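Once you know that position 622 of the sequence shown is 622 in the numbering used here, the rest is easy, because the numbers rise by one and skip nothing.
Mixed in with the good hints there might be a few duds.
[Unchecked claim] Distance condition first, Cα-Cα at most 27 Å in a straight line; then the derived DSSO-like pairs of lysine-lysine:
hint : residue 1 : residue 2
1    : LYS197    : LYS184
2    : LYS95     : LYS83
3    : LYS820    : LYS945
4    : LYS159    : LYS250
5    : LYS756    : LYS586
6    : LYS197    : LYS131
7    : LYS1003   : LYS945
8    : LYS756    : LYS159
9    : LYS219    : LYS945
10   : LYS197    : LYS113
11   : LYS836    : LYS945
No lab work stands behind these hints, which were simulated from the structure alone.
Quantities reported herein were computed from a predicted structural model and do not represent experimental measurements.
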Amino acid sequence: MKMYKLVPCSELESSRKWWHFLFKSYPNKLAWVYAGKNKFLVLLVLSVIGLISPAMAQVDDINQSVLAPLLQPSSRYTFLRFKEGVQLAPQELFKTYSTVFGLTENDVMTLQKSDSDKLGFIHYRFQQVYKQIPVEGGEFIVHQKGGELTTANGRVVPKLNAEIGNSMPADAAIDFALRYTNAKRYKWQLDRRLYPKPTLVFTPVNVESGKNLNLAATKYRLAYKMDIFAAVPFSHNRVYVDAYSGEIIKTISLIQDCTNATAATLYNGNQSIQTELTAMGNYRLFDNCRSDGACGDVGGTIRTRSLLSGDLTNSTTNWAGVGASAHWALEKTYDYYNCTFGRQSYDGANAVLNAFINDNAAGRDNAFWDSGTMDMHFGDGGGGATTGAIVSLDVVGHELTHAFTQFTAGLVYSNESGALNESFSDIFGTAVEYYGQGGTGDYDIGEDMWIPGGKLRSMSNPNDKNQPDTYLGTNWYSGVLDHGGVHTNSGVQNFWFYLLSEGGTGTNDISDSYNVTGIGRDNALAISYQALTYYMNSMDQYIDSRYATIQAAEDLFGACSPESYQVANAWYAVGVGGPVGDLWSKDRPDDTGNEPNNISSFMWGSEDIWVRKQNDGLTNQVHQNPEYRDPALGVPNYVYVRVRNRSCTSSGSGNVNLYWAKASTGLSWPSPWTGAVMGGLQMGSPIATLPTGTIAASGETILEFPWYPPNPADYSGAYGLDFSHFCLLSRIETSTTAPFGMTFPENTDLNLNVKKNNNIAWKNITVVDEAAGDGLTAAVAIGNYLEQERLRTKLVFSIPKEEKLPFTAIGVVRISLGEKLFKKWLEGDRVGEGIKVNNRGEIYLSEPTAWIGNIILSPQEVYGIKVLFDVKEKLLNDSIFHFDVTQYRTDNQRDSLVGGERFEINTNALLRRKKYPKQIIQPTNNQKAPEQIVSLPLKNEITAKAFPNPTSASATIQFYLPKAGNVELSIYNAIGNKVTTLVNGSQNAGFHEVLFQAEKLPKGIYFYRLNALGTNLVKRILLTK
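Based on the sequences and whatever the hints tell you, model everything.
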């Protein structure tokens, strides 16, 4: 029986006389029914209804999709670069290629607005809408020039699968939001225009910020979004209320301020301002004729008032005090944006600039932009941290830039996007200071009146005010205060802007040495404006700002220009992105160097690592299996690593560290690669470190590493069939301390490290001992390496899609599971696809991708499987094919990678048995022809089959019993007379085979009858002579 709680209206801080039935169970599975005034609001528990499908289908790799022919290879999902000549209407991009973006029939990308810039680009901003409800974070900007698409950037939330019915009424959501806020007085009680206006949205919850931002469908919930303006105590928050349960999902502050604020005095002396003569014969701080000789009269409006007394008036045109300072600073800020970028007011459409002085609600030493009421507020100062009112040029410019950001990128005011929001305000606040003071200024914020340390923040030295100057470096804040450290972590982009403007050398917190040549403040500002206005979205992170500013620099100054080079160089200096010369190695043949690598396949097949038995790999770049040789002989194998430079400039020098590990332990980092011993066996070790040297733009180099592989025989006792399976790992490091130049700091998940960082490459190999004669053995270990958990696993066998060959075009591939593993598969209902199976536990593959699954492995249970390959004779001429065996864990709703191996079949080696590539797979002379392979029966079905049929002499009759029992198998002639009995007695469950010898029988039609477990099967067999 479900328990209910009845909440009387008196407990609700609302004027509505409703009762709420709140179910304690399934709080997010509710249906709301409003029965009218003074009646009831009823919540009904629904049956199992999922808001979002728990398994988000993975969209295909962008560079392997149907969109790929239109894209440059450097494209990634969040930043597409189109080839020249792509003439496609921006609106059609998402319609024509909806599946590429993971859009469903319920998704629409709606055009929000379009802007044209001075460079001839048109920028189209699209918002994802699912079932007519906006999807927050689902934003894309498409850029066009001369009728051709150039780039597109943003994020789409793929594969949303949500129900939107049965949500609570908007008024109920308001009740929940007001109860959460719990204010004594609200601003809407004095101004009804500020009453909450809920709107339904899909919003992400508990999303990790930073480089790992993942807007997966499983993170989204349907919510009412509304702005709550509280007067006592003061707060302006955007509140998200779960549309089913009333839970407060999250809140975002609408007050984008200078915490503890910056100085505001009449520091700039006497300045000219414009005021308005009123009907009363006095003057007020109202400027509706904003003009400047360099920019022309554009009719902007600026209104400066006191929160206490309303309009500020004066009997003459001679002004003094806080109001005049604020008014003048607003005029200079308006003029800066208008004269420099042609932007009229923060919205580009001459919105009125409303400002209030004497506003101490958020503290005397504070100033803020209220994104809900669209106005600025400046405290009186003198609260202990300042000497006067908070109305200096850089502070006023800072606050008005928050408004500008709101109407362009809309950066959410929390975590990294909030830090970027704050940083852009500091950047353009500094710009306004230089502009308003005729070219003089500094890179400090609030220095005019700030008491502690003489400034609020320092862009040239963020550490001076306890801000980080390096991403994730010293002073980086990772807590929840200050909306996730927006006023602290802004120091990283602030320092980037300073270095880009003025240049600088040094070593950052992650030990990367940098040398940035400044491009000048005006150029840096132009790049920042272009990026913020046209290339950034609401949930962008630091890595996105890097991409946006590089693209902006290319727009303004050209690809590979000194300016675009220094933009990337300055980001490297603050720890965002690799060095300008981006050194990398391929993970897979189709890898293009993007970070992260969006390819969904495994990462252990790098073609940029190969092994040779002698040092001829610079000219003969074909992989061989390394051969174990006694190190005392002094005859090593050689490993070759190709290092590429993605950049259009020469690289600096880095180091390549090469490691080996026993494959079955090699899915973690740093152990066993850096040296580990288990059961007396060496599990891995560094091989050597070599410098890359300087690599030319778009060039490459190949490094040669002598190597003495471990003796595979040492591992035969512990690893059985898998004794010869090892791995190689190369890591390009451009720094000597963590994160070693990696764009994404490494963790213990090696596969993720390789996917995210293009300077890590991984290759599976097999070490052979020719003297022991094991060079033709192929084996893979399948196991559960967990210490306590059972593992449900799935094995996938495939030929890489880039080879586009089915198994039958190459030959016959046979997988031998062994008796015990085969039995486990039988116990799991024998699920699989693309296979045929015989009773010896051998699986014949008939499709390019085949699999078997539902195999339950106990902790530490490991099996070996054999792979045998019989290649067609017509292909035995120096052909090389690849074959993958991959193990997945399937306990959860989505498969997760466990391990696997790629085999490289060198058909020439099959003939000579002298060359050993990555894997030689043994041919066999006693394989059945494909047409003789018997299909696997269903679990509870008795089956029987004869082959060959027809036959001229004898045939094998195979039958299957789901359980043990008495069996009679007899042969009858065409008139029904019994010829012979082949089986008569008790038989075990499973497959059975018996030989029917018919050499002495006349030709004709015969029948075999199987009587078992209450079932009679009669089938025909044709005997020919």
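Each hint, compared with the structure:
no.: 1; hint: LYS197 x LYS184; result: holds, 20 Å
no.: 2; hint: LYS95 x LYS83; result: holds, 19 Å
no.: 3; hint: LYS820 x LYS945; result: holds, 25 Å
no.: 4; hint: LYS159 x LYS250; result: holds, 23 Å
no.: 5; hint: LYS756 x LYS586; result: holds, 12 Å
no.: 6; hint: LYS197 x LYS131; result: holds, 20 Å
no.: 7; hint: LYS1003 x LYS945; result: holds, 20 Å
no.: 8; hint: LYS756 x LYS159; result: holds, 23 Å
no.: 9; hint: LYS219 x LYS945; result: violated, 52 Å
no.: 10; hint: LYS197 x LYS113; result: holds, 23 Å
no.: 11; hint: LYS836 x LYS945; result: holds, 14 Å
In this structure, the one hint that does not hold is number 9.
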